[in-house]
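J.: Sequence:
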Amino acid sequence: MIILKYVFFLSFSKLCHVRAVTQSDVLHVDPNMIPKIFQVLYDNEGQTLLNNSTIHTQNQNNHTDKTIENKGHSFVIITYRMLTQCEICNHPCYHNFSPPSCLECIRCHVLCYKQHYDDREEFILSCRVNDKLSAKALLIMCVNEEEQKQWVAKLSNKIPTREIVLV
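Numbering (mature numbering (1 follows the signal peptide of the UniProt record, and there is no 0)) for the sequence shown: -20 to -1, 1 to 147.
The hints are all genuine.
Label pairs and their computed distance ranges (CB to CB): (1) Pro11 / Thr141: 30 to 36 Å; (2) Asn76 / Lys134: 31 to 37 Å; (3) Thr59 / Phe(-9): 33 to 39 Å; (4) Lys46 / Glu127: 34 to 40 Å; (5) Ser(-10) / Lys51: 20 to 26 Å.
Straight-line alpha carbon distances no greater than 16 Å define the calculated EDC-like cross-link-like pairs of lysine to aspartate or glutamate that follow: (6) Lys138 / Asp23; (7) Lys51 / Glu101; (8) Lys94 / Glu67.
None of these hints come from the bench; they were simulated from the model.
In this text, a Cβ means the ideal position worked out from N, Cα and C, and glycines have one as well.
Could you put together the complete structure from these sequences and hints?
T.: This is the structure we're talking about:
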């Protein structure tokens, strides 16, 4: 039996977002394992091979008139029929027959009810991912659900606050 151990170094300054995964994030995983898994979004700046003009045209082609810009986020309207919850109020965001409209940022993948936006609530912090092509996602599985919650809480506190400057 071969046991591989990987070491991955990630500076706290590169952290963008940390959250527990949902069934819609990991479709082919045993549902009993989902509470043990969390996602880390981090900035992989400097390792993209695309130039700015390519990035700009891709963003235009994929999301022209269907994005909602708010605090640096580029939200798309989406509905879920699988287990998913709002990251703002922690209520379920799915329904089999008539799912509610939700917003998901195409950069940092934060998910919330569209109703929070429609009610003009101050519901979300600024997006921490400036370029979606430079952000990477890392899925980590812990031994148990309690350890996963501890990691999410600790890493969430280490995320640096960044102000987005619009020019």
